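There are 2 protein chains.
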Amino acid sequence: MAIQVNKQFLDKDQVGNMIEWLAAFGRTEHGGVTRLLYSRPWLEAQHALKNKMDQMKLQTHFDSVGNLFGRLPGTDTSEKTILTGSHIDTVVDGGKYDGAYGIIASFVAVLRLFETYGYPKKSIEVVSFCEEEGSRFPLTFWGSRNICGEYTLDRVKDIKDAEGIEFLDAMKFAGFDPHAYTSPVRGDIESFIEIHIEQGMVLEKNQNQVGIVSHIVGQRRYTIRIKGESNHAGTTPMQYRKDAVTAASRLISFLTEKTNEVDSGLVATVGRMQVKPNVPNVVAGEVEFSLDIRHHQESVIDQYCGEIFAEFERVTKNQEMELSISQWMDVKPVQMDVQMGELAQKIAEKKNIRYQPIISGAGHDAQVFGDVCPTTLLFVPSQQGISHSPSEFTSLDDLEVGIDLLTEVLYKLAY
Amino acid sequence: MAIQVNKQFLDKDQVGNMIEWLAAFGRTEHGGVTRLLYSRPWLEAQHALKNKMDQMKLQTHFDSVGNLFGRLPGTDTSEKTILTGSHIDTVVDGGKYDGAYGIIASFVAVLRLFETYGYPKKSIEVVSFCEEEGSRFPLTFWGSRNICGEYTLDRVKDIKDAEGIEFLDAMKFAGFDPHAYTSPVRGDIESFIEIHIEQGMVLEKNQNQVGIVSHIVGQRRYTIRIKGESNHAGTTPMQYRKDAVTAASRLISFLTEKTNEVDSGLVATVGRMQVKPNVPNVVAGEVEFSLDIRHHQESVIDQYCGEIFAEFERVTKNQEMELSISQWMDVKPVQMDVQMGELAQKIAEKKNIRYQPIISGAGHDAQVFGDVCPTTLLFVPSQQGISHSPSEFTSLDDLEVGIDLLTEVLYKLAY
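If you read the sequences in order, they're chains L and A.
Residues in the first sequence are numbered from 1 upward in steps of one, following the UniProt record's numbering.
Residues in the second sequence are numbered from 1 upward in steps of one, following the UniProt record's numbering.
Where hints are given, some of them may not hold.
Copies of the same chain look alike in the list, so a pair counts if it works inside one copy or between any two.
Claimed, not checked - When the alpha-carbon atoms are kept at most 27 Å apart in a straight line, the in silico BS3-like pairs for lysine-lysine are as follows:
id, residue 1, residue 2
1, LYS121, LYS412
2, LYS276, LYS227
3, LYS57, LYS350
4, LYS205, LYS317
5, LYS350, LYS52
6, LYS332, LYS350
It should be emphasised that the hints constitute simulated quantities derived from the structure, not laboratory data.
Model, not experiment: these values are computed from the prediction.
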């Protein structure tokens with residue numbers, strides 16, 4: 001059973017066509033994509049991908065949680081497998097490129113390699129992870145964490161989606177009956193390589209075509225609550241106020257300015273604020289806000305948190321207000337494999353691709369693999385940095401450059 | 001038909017009893033009072049007051065919008081009338097003292113004056129204004145503005161409450177048929193005197209028993225909108241952000257610190273904030289916040305607004321964000337009558353009442369009268385400055401000191 005490469009996949013325009021083809025599964029009225037784990041559009045997309053892989057005679061299979069694999073077998077059966085791909089699920093009304101591009105790029109790369117060089121020495125597998133975004137159920141990386149042995153069915157047995165549908169029932173609906181579950185752990189992966197859109201504007205601002213990720217940031221998320229005293233906006237002189245909005249504003253100004261002092265790569269975001277009672281003529285008695293902190297070095301996050309929280313304590317104590325800081329997320333930074341990064345860099349130089357090292361500020365399946373095997377992550381530019389939106393866009397030229405680099409890296413690894 | 005004073009009204013404890021008696025009309029489960037304009041509790045309270053005034057043989061009448069008057073006629077019919085009182089309506093779940101105390105104090109003062117001195121030279125009228133708070137319909141001072149000729153039925157013909165009930169239908173329900181409307185304007189008022197709880201903590205902090213109001217502040221209210229750019233909290237470096245929360249925080253810190261620089265009596269409040277999209281891991285693209293500014297001098301408000309809005313423009317322009325400032329309230333400051341204030345001051349000194357001049361940061365019926373006749377406003381302390389709440393409290397001793405001063409001022413004005 002020989003691999004049969006349809007020549008159209010060697011053509012640049014076909015990459016754009018495949019992006020559109022996959023985006024049709026779950027297309028929204030705004031031109032975006034909603035493809036939530038185990039939903040009908042998700043199921044149709046995974047099966048359509050499997051069919052395409054089958055047509056090319058890749059060896060396909062689903063594991064018991066719905067990760068799809070398409071294998072180009074290696075000639076040396078004693079060798080481990082090179083895994084490459086990304087995730088099939090999307091956020092609600094997301095873009096066409098996030099996840100999908102990584103699957104398509106890997107698929108196209110493997111076909112081109114076979115067309116040019118025949119069978120590799122080491123097997124290469126294209127993977128379409130079942131879940132990464134955490135958009136339907138309150139967990140993320142369900143696909144990669146199953147493969148890497150971090151999650152099993154136990155993790156999801158009490159989890160429901162927003163409509164109250166149980167995770168295990170949704171799995172069963174999609175054809176992955178939990179009673180038939182067998183461990184998806186893969187002990188045969190030598191290395192993992194993922195290509196993804198940047199979802200930021202760094203490459204575009206720097207006019208680079210590719211980013212070679214050195215680290216995926218660690219993330220901490222907190223809820224900060226300040227309790228002051230609700231009062232009449234007219235009859236309470238400024239000096240007698242315990243105004244939670246004013247205090248929160250000071251803390252937010254401070255934490256924003258502090259990022260650059262501690263490290264220029266540090267980002268801190270207050271995206272959510274809730275004011276009580278939230279009435280124009282009442283001094284606010286309480287403010288709650290979220291704080292999202294990211295950096296690729298744990299020590300930098302530690303230092304930053306130490307400094308800002310000390311200031312939070314000082315300011316609120318000074319004003320006789322109550323402060324509560326509660327952490328609800330702690331993801332460690334992950335370093336990508338240095339040798340694989342250097343390999344990608346050398347190839348980029350040889351091919352005159354404008355590249356740069358880059359830190360990933362978002363989470364990716366590569367960070368799960370980064371803990372268990374040599375892993376690398378490549379970025380292509382996102383126009384205006386827009387992502388998780390129907391407006392997400394990457395030019396065909398940029399998509400093609402990414403695939404070109406990925407193809408060559410896979411060649412070096414597998415042939 | 002002689003005035004008949006029930007001796008119990010001369011007793012200090014009875015003032016407390018009357019406060020409780022009136023608070024029973026519209027009492028809430030939290031021990032507060034909800035007595036909205038033209039509602040059943042409002043109607044019962046006004047009629048109960050009328051009955052009490054009738055029992056004492058005061059000459060009572062309702063005007064055509066529901067203001068209640070109880071007149072102690074003067075002996076010199078060529079003289080104008082001294083008006084004293086406050087409003088019967090409350091906010092939702094408000095306190096027992098706001099408005100009610102002013103009516104009860106005026107009523108008790110008039111009875112005590114008659115008991116001691118008999119008929120005055122000039123008529124004194126106790127007034128229970130139908131509406132001041134603006135809690136049911138979107139307008140304020142409906143009672144006093146009708147008496148002062150500022151409002152007529154035209155003002156309310158398109159106004160509805162939160163349940164969609166038309167103002168004119170509510171009036172009719174309460175027995176004030178708009179078709180029977182005759183102008184409530186009073187051309188015979190020589191002066192107006194109101195006593196009220198401070199609703200702030202200035203008197204308490206200064207351990208004073210009475211405040212003699214020199215001015216009622218002007219108020220301006222604005223909605224400030226900042227439009228930046230919504231972005232990914234992980235992939236957008238700090239220097240590329242147009243973070244509306246950060247910008248708003250800077251403006252709020254600035255406007256707060258600026259108050260004291262411009263004038264220590266100036267107050268500025270951001271009580272309401274709305275963040276979009278208000279998600280922890282998304283840089284906020286838009287923030288809208290309210291701004292309430294109060295001072296007793298128009299020129300100070302002008303200067304302050306000029307300085308902060310220039311800074312708002314500078315900060316948002318610097319960060320390439322859009323700024324919109326829209327004003328939706330502009331109430332001018334009102335000065336109380338200097339001579340009446342001096343009279344109150346002299347009496348306070350003679351009686352060894354601990355008093356101070358004070359600025360009213362809240363609106364009161366006195367500001368409506370202040371534009372048309374000599375008017376004075378007296379404050380008694382509010383425990384911890386709490387108001388518009390079931391916890392609103394003023395001690396019986398403080399209530400009594402206020403009534404004592406009010407009684408003597410009325411004596412000087414009318415006898």
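Going down the list of hints, with the structure as the test:
1. LYS121 - LYS412: Answer is within: at 11 Å inside a copy they meet the 27 Å cutoff, but 110 Å across does not.
2. LYS276 - LYS227: both (10 Å within a copy, 23 Å between copies)
3. LYS57 - LYS350: neither (32 Å within a copy, 106 Å between copies)
4. LYS205 - LYS317: between (42 Å within a copy, 21 Å between copies)
5. LYS350 - LYS52: neither (32 Å within a copy, 99 Å between copies)
6. LYS332 - LYS350: neither (34 Å within a copy, 74 Å between copies)
In this structure, the hints that do not hold are numbers 3, 5, 6, in rising order.
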